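Q: Okay, here's what each chain looks like letter by letter:
2 protein chains.
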Amino acid sequence: MTAAATPSEDPARAERHRARMARKKALIDDRIAQAQGQAGVLLVTCGNGKGKSSSAFGMVARALGHGMKVGIVQFIKGAIATGEEQFFRRFPDEVQFHVMGEGYTWNTQDRARDIASAERAWDKACELLRDPAIGLVVLDELNIALKYQYLDLEKVLDDLAARPPMQHVVVTGRGAPPALIELADTATDMQLLKHAFASGIAAQPGIEW
Amino acid sequence: MTAAATPSEDPARAERHRARMARKKALIDDRIAQAQGQAGVLLVTCGNGKGKSSSAFGMVARALGHGMKVGIVQFIKGAIATGEEQFFRRFPDEVQFHVMGEGYTWNTQDRARDIASAERAWDKACELLRDPAIGLVVLDELNIALKYQYLDLEKVLDDLAARPPMQHVVVTGRGAPPALIELADTATDMQLLKHAFASGIAAQPGIEW
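Residue numbers (UniProt numbering), protein chains in the order written: chain V, 1 to 209; chain H, 1 to 209.
So that you can see chain V by itself, here it is in the shape it has in the complex (with noise of 0.2 Å):
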């Protein structure tokens, strides 16, 4: 994976980092002890290979399977409306499906407006993981939003670790930071064995979008 530059470190995040830890261990234990193994996972997807995206949405497919209702917040917007969004927008009692922002400038022109975006995204995605009926939430590109550090990484760690003890989410994007990946529970880095866009072929609806 392409892990962002690690900050360097000071007591009060050394603290923090230390109490978020053990509340996830606590809350592991407690729901294990309980439940019988069941838990609120948190997933994460990086990488440079496809499939980052897709199998947030497959899970959602199959939260819904199950009855569990879902939030997705996603973090970058595309040019065009995406197959997911058309698809989960026919279960708006199962399904919110929020798509923020204008897409980012990347580096080369308003970083002010894109950190700005990414607020309103994280502010959106917080209302979701606050709500203990929502089972899953996938939170669609957001390690792109924290490798460019427009979001505070520690509220977002922070927020991540005070969910509901029973809810999922799941993280994807390239670039996740090493922080992002030890709070997690399970995380998977898809690396590219070969893309078709290498032979010409173009973004393929129904695959890539």
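No lab work stands behind these hints, which were simulated from the structure alone.
Since the structure is predicted, the reported quantities are computational estimates derived from the model, not experimental observations.
Among the clues, some could well be false.
Claimed, not checked - The calculated PhoX-like cross-link candidates involving lysine-lysine, where the alpha carbons are at most 20 Å apart (straight line), are:
#  : chain 1 : residue 1 : chain 2 : residue 2
1  : H       : Lys124    : H       : Lys77
2  : H       : Lys155    : H       : Lys124
3  : V       : Lys77     : V       : Lys124
4  : H       : Lys69     : H       : Lys124
5  : H       : Lys194    : V       : Lys24
6  : V       : Lys77     : V       : Lys147
7  : V       : Lys194    : H       : Lys24
8  : V       : Lys155    : V       : Lys25
9  : H       : Lys194    : V       : Lys25
10 : H       : Lys147    : H       : Lys77
11 : V       : Lys194    : H       : Lys155
12 : V       : Lys155    : V       : Lys24
We have chain V already, so just place chain H on it with the hints.
A: Just chain H now, kept in the frame of chain V:
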């Protein structure tokens, strides 16, 4: 990825391989020329990390969002109905969902039965691979059947290469044979960074099934 052993080469096999790859190249060139980069792609997901099957089901959601019809064959049947099966069976006009066999006995019990089961599943897959009305075919855990040599790899590769030009196929599972990766347009090795199972958390509905 855990690769199956490469069988020793013989001239007939080498010629079939050459013909298959030539057909792939001709089809891709033709499709790109005619349709501005649009082409049916073969995707393979492999590796030990979480995300192989779920990424395929995310592509099903995307494809349905674009109005495509989808066919799914699951080569390993679990003991319980999965979330993906319960969910996608809501759309019988759009999704054919085939759960084949009774689960493999691995090497421990009845190999002949496993082979018969895999062959029935492949027959069903071939029906989908001959139908140009199906835009996306998911062959979930096919790699396992190939790894255990329950199916003839050369026949599988020939049938995949002979599918309708605009049809997409996703093949999932550990142990993808190198010749399948070679035929693929896009391949991702999903590497395990960490898994909740290691913390004592059980497989979660909505996440693993």
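Q: Each hint: holds or not?
A: Going through the hints against the structure:
1. H:Lys124 x H:Lys77: Within the cut-off at roughly 15 Å; holds.
2. H:Lys155 x H:Lys124: holds, 14 Å
3. V:Lys77 x V:Lys124: Between lysine 77 of chain V and lysine 124 of chain V the Cα gap is close to 15 Å, so the pair holds against 20 Å.
4. H:Lys69 x H:Lys124: Distance ~16 Å between lysine 69 of chain H and lysine 124 of chain H Cα, so the pair holds.
5. H:Lys194 x V:Lys24: holds, 15 Å
6. V:Lys77 x V:Lys147: This hinted pair holds, its Cα atoms lying about 17 Å apart.
7. V:Lys194 x H:Lys24: With Cα atoms ~15 Å apart, lysine 194 of chain V and lysine 24 of chain H stay inside 20 Å; holds.
8. V:Lys155 x V:Lys25: Status holds; Cα separation ~19 Å.
9. H:Lys194 x V:Lys25: Holds: lysine 194 of chain H and lysine 25 of chain V sit about 15 Å apart, inside 20 Å.
10. H:Lys147 x H:Lys77: holds, 17 Å
11. V:Lys194 x H:Lys155: Violated. Lysine 194 of chain V to lysine 155 of chain H sits at ~23 Å, over the 20 Å cutoff.
12. V:Lys155 x V:Lys24: With a Cα-Cα distance of about 15 Å, the restraint between lysine 155 of chain V and lysine 24 of chain V holds, given a limit of 20 Å.
In this structure, the one hint that does not hold is number 11.
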